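Okay, here's what each chain looks like letter by letter:
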Amino acid sequence: MKVIEIQGDPDDFLSGQIALVDADGIRKETRLDIVDRWPDLGDYLIIHAGFAIHTLDPQEAETNIRLMREMAEKVEAAEAVEQRT
Amino acid sequence: MKYLDEFRDQTLAEPLLKELRRSVTKPFRVMEVCGTHTMSIFRSGLRTLLPEEIELISGPGCPVCVTSASHIDAILAMAELQNTRIALFGDLFRVPGSNGLSLANASSQGAKVDIVYSPMDSLNLARKYPEELIVFLGVGFETTTPGIAATILAAKNSALDNFAVFSTHKTMPPPLLALLDDPELQIDGLLCPGHVSSIIGAGAYQPLADTYKLACVVGGFEPADILQALILMARQIANGEARVENAYTRAVRWEENSRAQQMVRAIFKTADMEWRGLGVIPESGLAIREEYSHYDAERRLNIKLTPATEPKGCRCGEILKGKEVPSQCPLYGKRCTPGNPVGPCMVSSEGTCAAFFKYTQ
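Sequences listed follow chains A and B, in order. Here the first sequence is numbered in the working numbering, starting from 1 and rising by one per residue. Here the second sequence is numbered in the working numbering, starting from 86 and rising by one per residue.
The hints are simulated quantities; they were obtained by calculation from the structure and are not laboratory data. Computed from a predicted model, the values in this text were never measured in an experiment. A virtual CB, placed ideally from N, CA and C, is assigned to each residue, including glycine. Where hints are given, some of them may not hold.
Rough simulated footprint, nothing fancy, chain A against chain B, three-plus residues with beta-carbon under 8 angstroms [unchecked claim]:
id, segment
1, 279 to 286
2, 343 to 352
For lysine to any residue, the following SDA-like pairs were computed, each having C-alpha atoms within a straight-line distance of at most 25 angstroms [unchecked claim]:
id, chain 1, residue 1, chain 2, residue 2
3, B, K197, A, G50
4, A, K28, B, L210
5, B, K241, A, P10
6, B, K213, B, P258
Work out the full structure, taking the sequences as your base and the hints as a guide.
Printed below as a string of structure tokens:
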């Protein structure tokens, strides 16, 4: 879910560490007490039972998808070659 | 939803499935440790699509399933106490204790039981019902524990007095070590849990790879994630390798989530823990530290765990150890169904029996 607002101080557990997140127009608050990396606006969060546990770097997710697509394309290209021979 | 649909995309999954078939050179047995993997593999239909050389075995990664009958009995005893309200994640609501009754039964007979989405919600209950002690049931693995630790800290910081946690928290590598010491369980690879690994880091599985010569691959929960993990595993096995690889890099790093782990270590300490089907495993659980004993329901309510018998005929223990499949249980699909569960593996949405029943009946 995409971070659209952040409250609190990452070094102060008493500061009310909360992010407002959005997914397809649905917005809700999630706690940031235990997230691995304090997020920036626009980052994505993996949430478990009301707590963000991981800040997802959009670039990393896109790299992940691209690598899988490349693998898929290589398989399809190899099959095309096999069919021609 | 961005970064979710992409990993369910059939145009991505189909070529990955083909690549997996190419990568498999000999039969191998994989234990999927996590209940969420079990459900995802069934729900997506992967179980029927995978190459027949791959045998999947469900492991002990459903937290409700591995909660011992004696812990369930203690929970039911707490629910009967005056001025006590139980707050819990929904999966535990219908798990029967040794007398066959569950929190659902207790609730219908007047016990105060609230299902919550987050442990933080139980602090709202504490404010709403100041005359009652709110007992949150701490059932889960590494992914769940940090949030509960943060909730205890929040209760202390806001001087909320009427809140406590009943901790049956468990940690993941110890039961795997116990299982792998069993010569009857012969597996070649572990599909390691995604979100637990977000907290403990992929490096936590290195001793398993080294000691037991297992291919350990951390995988996410969408079909493409699981296929990618199995491809890496098949390649390792084909090459005679046994190491830890991370196929879920968008959520898991090699190192632990230190913010979460510091929170856990501040509130909890390791303790021996009883697991359903596996018995007591040394230092496989987490107990609340003395400094926070005011938030420890076991101490505050003086709860004594008593040995409890498993439901007669129930094979959940053997299923959790990966030694049997649900259809080998004499109760499965007869006396034990999702509508009338006898054992925990049929209750939890992540339970092996519930998954088998839902997707193979």
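- Task: Please name the hints from earlier in the document that this structure breaks, with their numbers sorted from lowest to highest.
- Result: 6
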